[in-house]
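Engineer: Okay, here's what each chain looks like letter by letter:
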Amino acid sequence: DVKVTQSSRYLVKRTGEKVFLECVQDMDHENMFWYRQDPGLGLRLIYFSYDVKMKEKGDIPEGYSVSREKKERFSLILESASTNQTSMYLCASTPSGGATDTQYFGPGTRLTVL
Amino acid sequence: RKEVEQDPGPFNVPEGATVAFNCTYSNSASQSFFWYRQDCRKEPKLLMSVYSSGNEDGRFTAQLNRASQYISLLIRDSKLSDSATYLCVVIFTSGTYKYIFGTGTRLKVLA
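Sequence lines, in order, name chains U and B. To convert, note that position 18 of the first sequence is 20 in the working numbering; the numbers rise steadily by one, no gaps. To convert, note that position 26 of the second sequence is 1008 in the working numbering; the numbers rise steadily by one, no gaps.
Among the hints, erroneous ones may be present.
[Claimed, not checked] Calculated pairs, DSSO-like style, for lysine-lysine (alpha carbon to alpha carbon, straight line, at most 27 Å): (1) Lys1024(B) with Lys15(U); (2) Lys59(U) with Lys1090(B); (3) Lys984(B) with Lys73(U); (4) Lys72(U) with Lys1080(B); (5) Lys59(U) with Lys984(B); (6) Lys59(U) with Lys1080(B); (7) Lys1024(B) with Lys59(U); (8) Lys1024(B) with Lys20(U); (9) Lys72(U) with Lys55(U); (10) Lys984(B) with Lys1027(B); (11) Lys984(B) with Lys57(U).
Worth flagging that the hints you see were computed from the coordinates, not collected in a lab. In this text the structure is predicted, and so the values were computed from the model without any measurement.
Sequences are here, hints too, so could you generate the full structure?
Structural biologist: This is how it looks when you write it as structure tokens:
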């Protein structure tokens, strides 16, 4: 059974703070993804990684960076949090990035930036 | 035009009813299709894949219409526990495989 965990379920930060969101998967998946989900906008891809130390920008990378030093761990970094980054952040992983691979999601981190 | 479009709903249906949702996609090169279920304040979870020939899993039936570029989800004999948001997901190749999520259709099954 695939398990994807995220470091926090709820997080409250102040504008300008540096924020780290961590995601860990235990199934040796190659690919990992960070999304944010906002009402009416659905899931939007921030960054993804298909291998250790590799990363690709998604649709909305501005204001974010990522780190993948180990295969099982993918971190999302908000260098200087802003109120428009208040959102639900979802991490996901897939085995190999094939067309039939389903995505397995972590429980999400609900971030509020004050 | 959005790459993947869904009616946001909510669809309010009584228990035992049959309900169907559609999801349209714009990229004719789309290769794979899925339905996910998302409960309030929870993560999306895979409900079922959608195959070209159509597929059924208990009360749930998924179909793909490539000519008209839509997928559908039919739920028979609705249960209260079916209340959730249903997301369609389309995968196509753009260098790497790209997952496009619809914004979801909200279903409320009423007692």
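Engineer: Now tell me if each hint is right for this structure.
Structural biologist: For each hint, the structure was consulted:
Between Lys1024(B) and Lys15(U) the CA atoms are separated by roughly 21 Å; this keeps the pair inside 27 Å, and the hint holds. A hinted pair counts as satisfied when its Cα atoms are at most 27 Å apart, and Lys59(U) with Lys1090(B) does not qualify at roughly 36 Å. The straight-line distance between the Cα atoms of Lys984(B) and Lys73(U) is roughly 33 Å, outside the 27 Å bound, and the hint therefore fails. Between Lys72(U) and Lys1080(B) the CA atoms are separated by roughly 23 Å; this keeps the pair inside 27 Å, and the hint holds.
Simply put, Lys59(U) and Lys984(B) have alpha-carbon atoms about 20 Å apart, close enough for the 27 Å limit, and the pair holds. A C-alpha spacing of about 12 Å is found between Lys59(U) and Lys1080(B), which places the hinted pair at or below 27 Å, so the restraint holds. Between Lys1024(B) and Lys59(U), the direct Cα distance comes to roughly 25 Å. Compliance with the 27 Å bound is thereby established for this hinted pair. Note on Lys1024(B) and Lys20(U): the hinted pairing holds, with a Cα-Cα distance of about 25 Å set against a maximum of 27 Å.
Between Lys72(U) and Lys55(U) the CA atoms are separated by roughly 8 Å; this keeps the pair inside 27 Å, and the hint holds. The straight-line distance between the Cα atoms of Lys984(B) and Lys1027(B) is roughly 23 Å, inside the 27 Å bound, and the hint therefore holds. About 25 Å separates the Cα atoms of Lys984(B) and Lys57(U), which keeps this hinted pair within 27 Å; it holds.
In the structure shown, a violation is registered for the earlier hints numbered 2, 3, in ascending order.
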